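**Student:** Could you fit the two chains together into a complex? Lean on the hints.
Chain residues, written in single-letter form:
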Amino acid sequence: MTVPTLGPQKTFSRRTTIRAFLFLAPALFFVILLFLIPLGYNIVISFFDWSVIGRREFIGIDNYVSVVTSERFINAAGNTLYFTLLGVPIGVVLSLIVALGFNALLWKRGSGLIRALYFAPVVASLTAVAFVWLWIFNPAYGLANSILGFFGIPGQDWLTSDGQVIPSLAIMYIWARLGFNVIILVAGLNGIDRSYYEAARLDGAGPLRMLWSITLPLLNKQLVLVISVEVMNAFKLFELPFVATKGGPVGSSRSMVMEIYELAFRLDRWGEAAVYVVIFFVFLVAITAVIRKIFTKDISE
Amino acid sequence: MSTSSIKDRPSTAADSSPAVRPAPVRARKRSWRSLHNLKQAGIFTALALGGILMTLPLVWVALSSLKKPSEILEVPVRWLPDNFFNFDNYVQLFAQYNFGQYIANSFIVTGIGIVTSLVIALLAAYAFAYYQFPFKEPIFLLVLALFMVPQEALVIPMFLMVSEAGLTNTYIGMALPDLFTVLGVYLLRQFMEGIPFSYVEAARVDGASELRILTRVITPMVAPAIVVFVIIKFMFTWNTFLWPLLVAQDEAMYTVTVGLVNFAGSEFNQWNLINAATMISMIPTIILFVTLQRFLVKGVALSGMK
Chain A
1 MTVPTLGPQK TFSRRTTIRA FLFLAPALFF VILLFLIPLG YNIVISFFDW SVIGRREFIG
61 IDNYVSVVTS ERFINAAGNT LYFTLLGVPI GVVLSLIVAL GFNALLWKRG SGLIRALYFA
121 PVVASLTAVA FVWLWIFNPA YGLANSILGF FGIPGQDWLT SDGQVIPSLA IMYIWARLGF
181 NVIILVAGLN GIDRSYYEAA RLDGAGPLRM LWSITLPLLN KQLVLVISVE VMNAFKLFEL
241 PFVATKGGPV GSSRSMVMEI YELAFRLDRW GEAAVYVVIF FVFLVAITAV IRKIFTKDIS
301 E
Chain B
1 MSTSSIKDRP STAADSSPAV RPAPVRARKR SWRSLHNLKQ AGIFTALALG GILMTLPLVW
61 VALSSLKKPS EILEVPVRWL PDNFFNFDNY VQLFAQYNFG QYIANSFIVT GIGIVTSLVI
121 ALLAAYAFAY YQFPFKEPIF LLVLALFMVP QEALVIPMFL MVSEAGLTNT YIGMALPDLF
181 TVLGVYLLRQ FMEGIPFSYV EAARVDGASE LRILTRVITP MVAPAIVVFV IIKFMFTWNT
241 FLWPLLVAQD EAMYTVTVGL VNFAGSEFNQ WNLINAATMI SMIPTIILFV TLQRFLVKGV
301 ALSGMK
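Order-wise, the sequence lines are chains A and B. Residues 1 to 301 (this note's numbering) are what the first sequence spells out, left to right. Residues 1 to 306 (this note's numbering) are what the second sequence spells out, left to right.
Source of the hints: derived by calculation from the structure; they are not laboratory data. In this text the structure is predicted, and so the values were computed from the model without any measurement. Do not rely on the hints blindly, as some may be mistaken.
To be verified - The following residues of chain A were derived to be distant from chain B, with all beta-carbon distances above 10 angstroms:
hint: 1; residue: L28
hint: 2; residue: T69
hint: 3; residue: G101
hint: 4; residue: A128
hint: 5; residue: S252
Said to hold, decoys possible - Once the Cα atoms are required to be at most 30 angstroms apart in a straight line, the calculated BS3-like pairs of lysine-lysine come out as:
hint: 6; chain 1: A; residue 1: K221; chain 2: A; residue 2: K293
hint: 7; chain 1: B; residue 1: K298; chain 2: A; residue 2: K108
hint: 8; chain 1: B; residue 1: K68; chain 2: A; residue 2: K221
As the list claims (entries may be wrong) - Derived Cβ-Cβ restraints for the label pairs, each shown as a range:
hint: 9; chain 1: A; residue 1: T69; chain 2: B; residue 2: T291; range: 49 to 57 angstroms
hint: 10; chain 1: B; residue 1: Q96; chain 2: A; residue 2: I53; range: 57 to 65 angstroms
hint: 11; chain 1: B; residue 1: E201; chain 2: A; residue 2: I61; range: 53 to 61 angstroms
hint: 12; chain 1: A; residue 1: N220; chain 2: B; residue 2: L53; range: 23 to 31 angstroms
hint: 13; chain 1: B; residue 1: A165; chain 2: A; residue 2: A25; range: 44 to 52 angstroms
hint: 14; chain 1: B; residue 1: L35; chain 2: A; residue 2: V93; range: 22 to 30 angstroms
hint: 15; chain 1: A; residue 1: V93; chain 2: B; residue 2: S209; range: 19 to 27 angstroms
hint: 16; chain 1: A; residue 1: P217; chain 2: B; residue 2: R212; range: 16 to 24 angstroms
hint: 17; chain 1: B; residue 1: L141; chain 2: A; residue 2: V93; range: 26 to 34 angstroms
hint: 18; chain 1: B; residue 1: R212; chain 2: A; residue 2: F29; range: 17 to 25 angstroms
Beta carbons: idealized from backbone N, C-alpha and C, even for Gly.
So here's chain B without its partners, still in its complex pose (with noise of 0.2 angstroms):
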């Protein structure tokens, strides 16, 4: 009935002395069914309350977003826009500021590292479940540490092997650090090893070439797992911020993330357009977390059980 409640707070009522249990039995678990009911009340209200304050300040700047610029300043706060359908923010980032060419930067970019990380991790990941060669743990390993080394560490040197290449303002150039993602590797050897591998040998007896076990027999069977890497691969690379930085220096090449810096450092105190275009900068991955919540959920899970 309530095996899992009991481990976090076991209830009183559990714990009293064999000197109760001469009372009438049926009387005895409706109490105990009331008194777990009631603790499961106050552990959703609790996480409910909680749930709500966490998403309010997001809440909180799509409504400003929509506020004309007197609504905006009303001391105390104006909780609700005038209009709830006023758009006139959003109209004037895309008529007067580039972000219609900051979203399209951004979504080169991403594409062009979720696309290559994701074939170069599908190649090594095969590689790592379905052969055996030396130094295959070790080198897994080596791959492994890198989860740990965060790029922006790195942008000194990256950065400097990319402008010698001359490849500022260009996509690739941006696309650089994302072009290739440990996690993927791991999260599809993890998927891969779990194919029973007579799949595998069935093909090769029918002499069908490796790479094309890899592409007709493998990649399908594992696509829940291409799936959650794409969109924690999206978040990711979409949500970069150092790296577009230094590397797109023409206005022209900014992502999302630069150019929203750039416009709110050029438009001091406009709140209503900063909170419109912080919205802008969010819409695609809040669409992406409506809509695909539960990959992501899980995606964000499988990476902790190592």
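Isolated chain A, as found in the complex (with noise of 0.2 angstroms):
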């Protein structure tokens, strides 16, 4: 019997190679199935004028052209990203400051209850938490305006108004997802060598100079990680306005994936629909691309 070894083997023993194939093949079958012919499905698709009915017409780049030049487009991608843009970089800060707090505290009673209360909110669906809020901002019998009644503060429209629906949405958005990362960070901050402050702090560095040149570089793999996560996350922007708003008022709060499912589920235009998969691609492996970028050279330096 051949025994598959560990360690590095620059030859594979035949026998060893089918059977790690063999454990492989459920994996590659869904990797395939799931990801990859979709993928190229997706392709295909935009290329086509296409319907679900069956016609099926190549029309080459037509359907990019027109989808590029839409003003839905237009309005469905500049309110993705300024959804995005407001989103995670506030989510991703005020996910770092609670971080921070619990890893400078030393008091071990109550903490693991104080964080269970940020984490709660996570376990809720996206539907949930849509109309979780949709009840608060409610403009004539929400908590949101009720409160900032009590401190004097005129009612706000909230969802209801073009201006602040993406600002209420984002809001939403870091709720929910604030306990998730602030998980991750403090699991980092925790793997972070108590010994670097110690010389930092003989060299007289002040907390700031600490944060910006020990814990932030030191913190690298966590913050890509919850910012890539995030502008995924931010970016396939769908239960938050199509419970809370249906994209309005005005499509003020329609986002990409919206757009895709309004194209094709409503309007029976896949080929369109297929193109915002694609661009929507494109800006994620972009976006992806320039974080990692952003996060290597900051630890060089």
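**Tutor:** Okay, structure coming up:
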């Protein structure tokens, strides 16, 4: 019997290789079925005038041209970007502040309970989150305006005003995601060797200097993960506006994924919907690459 | 005494010039300590207040779900329901609407997803952890890269595939994107690589088949990782919305998230009922959270440790 071995090795036993691929087969099957085929299929559809009842006509890049020049696309891409640029930086900075707080807290009594309070919203589905806040932001009966009223601040329109709708959605999103990020960042902070701080303190470094020169570079991995996941989640914004605003008022909260849904499943324009998907992925890959670049540069300094 | 608090906000006392040195040691120590305690109390209070603020929306929904229609529309808001044991809203949701069915559907789809993705992940992780084969790392990197591909973005081709295969309105079709999860492969591989290889070698010498080694030796040893994975997977699958919205077209097949949205659309402004329905959709994950919070937190932390 061939005994598969660990460790670096350049030649592979044939039997081991066959066995390994047998174990991997189900996973690879689903990688192909759930990711590679859909990705390829989507690109194909994007070049067709495609209707679900059977119209399939190759039209080259016509879908791309009509999508990119359409007002709907510019509106949806703009809304999604605005939401991402608002929600992700604020969310990550808040998560970092809370994580630093937990890391600085030496009192262990009760800290687990407090951590649970931050994490609780994470278990709610985004549909539930949308209803929770739709009720809180209700201009007439909602908690938000009641609390503002208590402090003498006039009630806001929140989700029903085209100027406030994206910031309101960003608040919902940040609330739903904060606990998740805090836990990842706290785990990263726990892994930082305390002796770095001792040394920096002897050199007379202040707290901000230590945060900037020690904590953030050493938290690099977790920050890249948190920011990438945040960007991805913000980018696929769907449930929150779908439930809470239906994309309104007057389209001011329509997101990219909402347009994909609308074009394909309501208007039967699958080719154009597929173009949105392609653009979505190009955006996502580009942004993730930029994030990685920025943060790997940081660490070398 | 306080090494780790120093690193975030070194106390001003610690930075003071050496000229202060001659002061009596004991007095200095005491003032240092009280300053330190004060700072800890400050951090504790700030974090606790933030935590209460974070939970407030959920508490508010829970309270609202127990109110009568007349109580819920009071202005300014009424914080507490008249009767804390008024479960009329919940009773009505189960009696007049199909929430029981929605919950059952969600459990079936989530169950299929958990079992299948766990088995697949165990097999794949075993190969990655204990075999050397060509293109091992490139394949692993390809799988990992998919971690960043949101399924939501692939609904167009996925839906066409599922409907061409006649799988709309079936549990398999609804569970399809959840049958495989990259996170499981990653988590289990990490754990398996922490197990001394001698366990596998010993079992092989005893003549155990590879599948038997995986099921009898390795699987029990990675039980903590399995628990973590199952919890996270439950949470994600239970909370999915877009895919079941597309594939479950008959009302009888709705999952709880789809049922909730559909219900709220038909009962517009019945906020006592909508709040109760929101609670119903969250109850399984909340129970999971309250009972297994430690594992859930550990799982999230682990998934961030690559």
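**Student:** Decide, hint by hint, whether the structure agrees.
**Tutor:** Against the structure, the hints:
With a cut of 10 angstroms on Cβ distances, L28 (chain A) falls inside the contact zone with chain B, its closest approach being about 8 angstroms. With a least beta-carbon separation of about 21 angstroms from chain B, T69 (chain A) lies farther than 10 angstroms from that chain, consistent with its non-interface assignment. With a cut of 10 angstroms on Cβ distances, G101 (chain A) falls inside the contact zone with chain B, its closest approach being about 5 angstroms. With a least beta-carbon separation of about 5 angstroms from chain B, A128 (chain A) fails to lie farther than 10 angstroms from that chain, contradicting its non-interface assignment.
Under the 10 angstroms C-beta cut-off, the non-interface status given to S252 (chain A) relative to chain B holds; the minimum distance is some 21 angstroms. Between K221 (chain A) and K293 (chain A), the direct Cα distance comes to roughly 12 angstroms. Compliance with the 30 angstroms bound is thereby established for this hinted pair. Among the hinted pairs, K298 (chain B) with K108 (chain A) is consistent with the structure: their alpha-carbon atoms are about 17 angstroms apart, no more than 30 angstroms. Our distance criterion of 30 angstroms between C-alpha atoms is broken by K68 (chain B) and K221 (chain A), whose separation comes to about 49 angstroms.
Restraint check, T69 (chain A) to T291 (chain B): a C-beta distance of roughly 54 angstroms satisfies the suggested window 49 to 57 angstroms. Between Q96 (chain B) and I53 (chain A) the C-beta distance comes to about 37 angstroms, which lies outside the given range of 57 to 65 angstroms. Between E201 (chain B) and I61 (chain A) the beta carbons are some 57 angstroms apart, a value that agrees with the proposed interval 53 to 61 angstroms. Checking the proposed 23 to 31 angstroms range against N220 (chain A) and L53 (chain B) shows it holds: the Cβ atoms sit about 29 angstroms from each other.
Separated by about 20 angstroms at the C-beta atoms, A165 (chain B) and A25 (chain A) break the suggested range of 44 to 52 angstroms. Distance hint check: the CB atoms of L35 (chain B) and V93 (chain A) are about 27 angstroms apart, consistent with the given range 22 to 30 angstroms. One distance hint, 19 to 27 angstroms for the beta-carbon pair V93 (chain A) and S209 (chain B), is violated here, with the actual separation near 53 angstroms. A C-beta distance of roughly 47 angstroms is found between P217 (chain A) and R212 (chain B), which places it outside the suggested range of 16 to 24 angstroms.
Between L141 (chain B) and V93 (chain A), the C-beta spacing of about 31 angstroms keeps the proposed range 26 to 34 angstroms intact. About 23 angstroms separates the C-beta atoms of R212 (chain B) and F29 (chain A), a value consistent with the hinted range of 17 to 25 angstroms.
Violated hints for the displayed structure, listed by number in ascending order: 1, 3, 4, 8, 10, 13, 15, 16.
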